[in-house]
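Peer 1: With the hints as your guide, set chains X, F and S onto chain E.
Chains as they are written, first to last, in my numbering: chain E, 1 to 175; chain X, 1001 to 1175; chain F, 2001 to 2175; chain S, 3001 to 3175.
Take these hints with a grain of salt, some might be off.
Claimed, not checked - Quick list of the computed label-pair ranges, beta carbon to beta carbon:
| # | chain 1 | residue 1 | chain 2 | residue 2 | range |
| --- | --- | --- | --- | --- | --- |
| 1 | S | 3109 | E | 136 | 26 to 34 Å |
| 2 | X | 1017 | F | 2059 | 26 to 34 Å |
| 3 | F | 2111 | E | 60 | 32 to 40 Å |
| 4 | S | 3139 | E | 134 | 36 to 44 Å |
| 5 | F | 2109 | X | 1059 | 16 to 24 Å |
| 6 | X | 1139 | S | 3144 | 54 to 62 Å |
| 7 | X | 1124 | S | 3017 | 51 to 59 Å |
| 8 | F | 2134 | E | 60 | 20 to 28 Å |
| 9 | F | 2007 | E | 6 | 54 to 62 Å |
To be verified - Result set (DSS-like, lysine-lysine): computed pairs, CA atoms no more than 30 Å apart in a straight line:
| # | chain 1 | residue 1 | chain 2 | residue 2 |
| --- | --- | --- | --- | --- |
| 10 | F | 2106 | S | 3131 |
| 11 | X | 1106 | E | 106 |
| 12 | S | 3106 | E | 106 |
| 13 | E | 131 | X | 1106 |
| 14 | F | 2131 | S | 3106 |
| 15 | X | 1106 | F | 2131 |
As the list claims (entries may be wrong) - Stretch by stretch, here's where chain E covers chain S in the computed footprint (C-beta under 8 Å, at least three residues):
| # | region |
| --- | --- |
| 16 | 3009-3021 |
| 17 | 3025-3039 |
| 18 | 3045-3057 |
Think of the hints as simulated: they come from the structure by calculation, not from any bench.
Where a beta carbon is used, it is the ideal one built from N, C-alpha and C, also for glycine.
Residues per chain are reported as follows:
Number of protein chains: 4
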Amino acid sequence: MSAERQAPARRAAFNQFEPIETRWADNDVYGHVNNVVYYGFFDTAVNRRLARAGLLDIEHGETIGLVVETGCRYHAATAFPDQLEAGVRVARIGSSSVRYEIAIFKHGEDTAAAEGFFVHVYVDRQTRRPKPLPEQWRAELEAGWSRQATAWGPAVGPRLRPSPETSRPRQDSPA
Amino acid sequence: MSAERQAPARRAAFNQFEPIETRWADNDVYGHVNNVVYYGFFDTAVNRRLARAGLLDIEHGETIGLVVETGCRYHAATAFPDQLEAGVRVARIGSSSVRYEIAIFKHGEDTAAAEGFFVHVYVDRQTRRPKPLPEQWRAELEAGWSRQATAWGPAVGPRLRPSPETSRPRQDSPA
Amino acid sequence: MSAERQAPARRAAFNQFEPIETRWADNDVYGHVNNVVYYGFFDTAVNRRLARAGLLDIEHGETIGLVVETGCRYHAATAFPDQLEAGVRVARIGSSSVRYEIAIFKHGEDTAAAEGFFVHVYVDRQTRRPKPLPEQWRAELEAGWSRQATAWGPAVGPRLRPSPETSRPRQDSPA
Amino acid sequence: MSAERQAPARRAAFNQFEPIETRWADNDVYGHVNNVVYYGFFDTAVNRRLARAGLLDIEHGETIGLVVETGCRYHAATAFPDQLEAGVRVARIGSSSVRYEIAIFKHGEDTAAAEGFFVHVYVDRQTRRPKPLPEQWRAELEAGWSRQATAWGPAVGPRLRPSPETSRPRQDSPA
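In isolation and in its complexed conformation, chain E is listed as follows:
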């Protein structure tokens, strides 16, 4: 917003896109997609990619991702029935965590309507304790997912890029 506010992300910063169809209930009383809904787009875009790549087995997999931090900046409104695309990239791969970054584009637009991130810590489904990111997972992310300097940039600092692999999230960290 101020001079410091970074410009919205552009399509070129992403090499993978997932279609997002808006829904009636995405619009809130002000007639636009509510700020909360974008986080649902993030979950959906990343987990759909992971599931279709055979990495995430939602129902039975031994490794599941718990979310420890999320954030989003909003640049322009979208509204049902817009068709959107989610650009997805990996910003950081730790020993048991990954920071995913997502930008939401209106169909045919080059600059993001919203952009954000979430940090997954990978844990054992039963114990809910961190475990190393499976090798196949790491290889797939390193090979096929674009990695760029985060849109939030270095100014945000280490606190927005936790190193969960050196810590012990509580057993019951939220999904």
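Peer 2: Structure of chains X, F and S alone, referenced to chain E:
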């Protein structure tokens, strides 16, 4: 998560609380309240306070709040049918923007299960352009809402505390 | 709506009530709680009662309820931040199914803003095949939950009151 | 479920389909798309068709549709990240109301996973009182939307097919 990861917020950092009843659908497939849902708690807790204080007239008010940035850190899981409370405070009041901070506590617990923020820019309902925060609104926030150093701390820096009053959000910034 | 349309349910038809706090996102673009949201109230009110009564163990119980049919009629609008109550009753207890009926009242009002039902078939969590309603469950429902002629009345006929206990829902009937 | 339970709808009963992409949060704790979510699919599929046909102007149109009754039967589970299609048809056109019927199919399947309906009463946006269905709207529905005997069939009777045009919904009927 790392040494830098700050401790969860505690109740004493808030002087106002809103009850939050979890719902069946708040739980996702992993059996816990989904990360996205907390942002709905934030919207609900703050806007309910604003509406009940007579500041926000959702249907007819000339001034509405658009969200330009949000963030959340997750410390511990919650699950339906838990009863929760949302601690609410104001971290910064600009000329046309307010940064609200919210922490979600399980009933009877002293440390937050999750904590986050959102930044409202106040705009004219019709033009969707920023307008000065109404005086009554400012007075109410200054008098009755606790103000504390943000849980995210100075390290996050100015970029997470935009100064929207010096900028011009696009007319269609999301609600 | 026509002469045949039955009057809204009244409070006296229910002996148990659950508080429902509306949320910001319950309102849709027309400024009222969206029709879909009421079904979330139904799920929440009934399952919360079942969980708190110790009948439903969402995470580990051997018996879970799958929904095979739902319906709702809408009489008057509600809107965030209204406080609502859900009246809950049992209309029919089969050998492995229960028809729950729910009416949503605005705080202090005697006639329902909306009323509906859902039919649970109780199944084994693993096999997802119907199993007899546990005796404790049946006893609790028979003792403590009011049972009344359904608001939909006999005209709706047997098709809205399936007898799931004589059938075999597909293994993967939705929750 | 019993002998009386009708078979699930088949694709041939619909001539228009809308794609539905499931989302992460559609799955509930039992790992399947929650019963409530289907109603969101219904709203989305029908209103998207109406908006794209130029009939429904969500933000500014003088005529808006309020929902007075809904229902759904569930035949088989679906789960994120399934791709679904919503078959949409019109079962009844009254002077100011329309009964839409929707069936949800998994990609490539011929029988519905779920099927339901909603009844729209068309009202003036400001007064919220019923008004005749605009001629263009009626013509479009009659020309292009398939009309079939409802899946619920005559046994459900007139109460599930209200004649809202002969009545006066309360001014504040829910959207």
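Peer 1: None of the hints should be skipped; say for each whether it holds.
Peer 2: Consistency of the hints with the structure:
1. 3109(S) <-> 136(E): 26 to 34 Å: holds (31 Å)
2. 1017(X) <-> 2059(F): 26 to 34 Å: holds (27 Å)
3. 2111(F) <-> 60(E): 32 to 40 Å: About 48 Å separates the Cβ atoms of residue 2111(F) and residue 60(E), which means 32 to 40 Å is violated.
4. 3139(S) <-> 134(E): 36 to 44 Å: This hint is violated: roughly 57 Å between Cβ atoms.
5. 2109(F) <-> 1059(X): 16 to 24 Å: For residue 2109(F) and residue 1059(X) the Cβ distance comes to about 19 Å; the hint holds.
6. 1139(X) <-> 3144(S): 54 to 62 Å: Holds: the Cβ-Cβ distance is about 56 Å, inside 54 to 62 Å.
7. 1124(X) <-> 3017(S): 51 to 59 Å: Between residue 1124(X) and residue 3017(S), where Cβ atoms are some 41 Å apart, the hint is violated.
8. 2134(F) <-> 60(E): 20 to 28 Å: holds (27 Å)
9. 2007(F) <-> 6(E): 54 to 62 Å: holds (58 Å)
10. 2106(F) <-> 3131(S): holds (27 Å)
11. 1106(X) <-> 106(E): Since the Cα atoms of residue 1106(X) and residue 106(E) sit roughly 38 Å apart, the hinted pair is violated (cutoff 30 Å).
12. 3106(S) <-> 106(E): Roughly 27 Å separates the two Cα atoms, so the pair holds.
13. 131(E) <-> 1106(X): Since the Cα atoms of residue 131(E) and residue 1106(X) sit roughly 27 Å apart, the hinted pair holds (cutoff 30 Å).
14. 2131(F) <-> 3106(S): Holds. Residue 2131(F) to residue 3106(S) sits at ~27 Å (cutoff 30 Å).
15. 1106(X) <-> 2131(F): Roughly 35 Å between the alpha carbons, so the hint for residue 1106(X) and residue 2131(F) is violated.
16. 3009-3021: holds (count 3)
17. 3025-3039: Coverage by chain E holds here, the residue count being 3 at a Cβ distance below 8 Å.
18. 3045-3057: Result for this restraint: holds, n = 4.
Violated hints, in rising order: 3, 4, 7, 11 and 15; the structure is consistent with all others.
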